[in-house]
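Position chain B relative to chain A; hints supplied.
Protein chains: 2
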Amino acid sequence: MSFDITVLGSSGGPLEGITCSYILKPSYITYKDIIQDELKQYLIAIDAGSGLNRITEIISTERTKEKDTLAMKVLSYYNDPLPIDQYSHPNISFSHEYGVCKLNKDSAPIELSFKILDLINNFLISHPHLDHINGLVINSPGFHYHSSKSVYGLKETTEALQNCIFNDIIWPNLVTEQNGSFLKLIELEPTKPMNIDDIYEVTPFELNHGKKHDNKTEYKSTSFLIKDSKTDQYILIFGDVEADRNAQSSKNKIIWEKISDLIIRRSLKTILIECSTPNLPAKEPRFGHMTPDSLIEELCTLGELISSKKSRYDVEPPLKDLNILITHVKERRSGHEPRRVILNELNELNERYKLGCHFSVMLTGLTYTV
Amino acid sequence: MSFDITVLGSSGGPLEGITCSYILKPSYITYKDIIQDELKQYLIAIDAGSGLNRITEIISTERTKEKDTLAMKVLSYYNDPLPIDQYSHPNISFSHEYGVCKLNKDSAPIELSFKILDLINNFLISHPHLDHINGLVINSPGFHYHSSKSVYGLKETTEALQNCIFNDIIWPNLVTEQNGSFLKLIELEPTKPMNIDDIYEVTPFELNHGKKHDNKTEYKSTSFLIKDSKTDQYILIFGDVEADRNAQSSKNKIIWEKISDLIIRRSLKTILIECSTPNLPAKEPRFGHMTPDSLIEELCTLGELISSKKSRYDVEPPLKDLNILITHVKERRSGHEPRRVILNELNELNERYKLGCHFSVMLTGLTYTV
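Top line first, the protein sequences correspond to chains A and B.
In terms of the working numbering, the first sequence opens at residue 693 and continues consecutively.
In terms of the working numbering, the second sequence opens at residue 693 and continues consecutively.
Among the clues, some could well be false.
Same chains, same label: a pair holds when it works inside one copy or across any pair of copies.
Derived lysine-lysine pairs resembling DSS-like cross-links, with alpha carbons at most 27 Å apart [stated by the list, open to error]: (1) Lys794 to Lys765; (2) Lys765 to Lys950; (3) Lys797 to Lys1022; (4) Lys1001 to Lys961; (5) Lys732 to Lys1022; (6) Lys847 to Lys904.
Worth flagging that the hints you see were computed from the coordinates, not collected in a lab.
Fair warning: this is a prediction, and the values are worked out from it, not measured in the lab.
Just chain A, same shape as in the assembly (with noise of 0.2 Å):
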């Protein structure tokens, strides 16, 4: 096993606090010998939208052993939830807990919550939406003075971060020099590497996410490739995104491109992407967002790839034992669980087109093992 992420929101709104944010690791490293050791360079968060109080909840969780856990809470909102287990794919296992708090038997759980957030040291940013900022900027009182955190993001990230939120209007500027750096922005070029910290090595890809109001401009995203240099596994996660066939663009088309090869080579297992809503009929808008059908069709694109690249005697599907990540559900009106639907419905089709891929969809606040 390669990577573990911990999810500390995996809904697409419009209920607060649970949104999209994930902490990685290396599999081989575990969050009591991080917290026990220090070590800062293990733990980099994708997306911000929740934060230092679902890291609490988690921890609290483990301290009290309560049963209801922090993945049951936002499925208890509906009729019919699955059975947590039911949500990921058997080839995956998964906890509820860092298994941290034997570490320190008196200090409460916030004091540990505290501990990990000291340790994540790099953020990387999909897209400014405030559904997957929002932790970063509240939680960031919390921060030890002169924890310099960074902050990474393709250029109308960091430039949204500074100049619409770090503004001294919605909140103070934490991001200059003299103010203690808090918080370094560090600007990201699309497709060029970055070397975080000699642990990761993060490739940006851009996005579409749908059109602004104005109808023309397209709000951007943010695609990362994370390489655990260590053990040169691949994982692939996506902010919001819409399919290339909807954005009449071919930026999806790049990164099937460029993750075929590895896929080949078994160097990356596990993809974490969108599937915001169960499929809809063809004229409701998805406001730049992905549903089964089109996330189907463009992982058919990625299995041709692959296809194309293999030996012909090569009968085994395209994307056999690749980890697909469902996040991002947007939850609903209805007292019908939307994940349960969204999961059935790429399971039908997955099933259909021959791809061969696990689909999960991800809870908030359990830890994935890919």
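Here is chain B on its own, set in the frame of chain A:
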């Protein structure tokens, strides 16, 4: 009793998703009646750091009769919380639920919570700091199309929402007519009363909330004096605020002048105000917030104004039976629960200065009747 206040969030951060937001209604009408008869004029939101997720969580707890309520959750992050009822003065009653679950027995918690959200058509925003607006923004895609919710604030607030948030960068522009009028931004003038749906009359007062990073410009905030037109009862709700002495200003004193007459004629029995941290050493920065020392100093000013207007034969404590509801307590790294410390400090000072008011620290998820 005059008002019910449901606390969707009472924390001052840095934990996300539990920051300040209150729903106000007159006590003479129940949530059950409001939902059943779809009465759109009674519920009013003051600040919106939290929102739909917390409404759903309260309903979910009510539905499943869970013992671990939302109010207890944040406290459980610490080692030494008080029992819930010790955070409130005995004169105040509170509830963990809305009392609506028997209404629609088959509907899921999320269905009922969307119904409540649909019936909150007016938001008063004290200032545009993210911990006071995040819920409004993230929840907005869940508003009914053409719901035309009204967001009231001083000019600085409405301009910041338009320019920094609903600007097609941080969030889609949902505030212009052409986009279906999800939200109408309505500018308030300081000290000028505004009629809202013939139920409330709201008068905003400008507050100081600390210095920006240039160390010159002030963050502005707002307090709202809200009158229930039917009962002629008032409640005063503060956004983030610092003491007049710290701001070298008399903005708070102007408000105390205004309400002293209302208190004397028993028309204002409740003030909701922040107290962010326990008392601090003299040199530590307040970041534009209150401590028990500074809050008591402000209340002494109010007490003196009242005493000066009363008969000299009146020997009652000047703030007798005035309910002071404390919010915006900042969470902290240490395992010691800060609300408990603040409440103790306030009660001691109340005793020492013989003010005679009743202090309660508000907890997320509770509905207080005052």
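Cross-check of the supplied hints:
For a Cα distance limit of 27 Å, the shortest separation of Lys794 from Lys765 qualifies both inside one copy, at 25 Å, and across copies, at 21 Å. Taking the shortest alpha-carbon separations for Lys765 and Lys950, neither the intra-copy value of 38 Å nor the inter-copy value of 45 Å comes in at or below 27 Å. In this assembly of identical chains, Lys797 and Lys1022 lie within 27 Å of each other by CA distance solely across copies; the values are 24 Å between and 38 Å within a copy. Taking the closest pair of Cα atoms, Lys1001 and Lys961 come within 27 Å of each other only inside a single copy of the chain (17 Å); across copies the shortest separation is 76 Å, beyond that limit.
In this homomeric assembly, Lys732 and Lys1022 come within 27 Å of each other (Cα to Cα) only across copies, at 26 Å, whereas the closest approach inside a single copy is 33 Å. Taking CA atoms no more than 27 Å apart as the test, Lys847 paired with Lys904 passes in both settings, with 18 Å inside one copy and 25 Å between copies.
Checked against the numbered hints above, the structure violates only hint 2.
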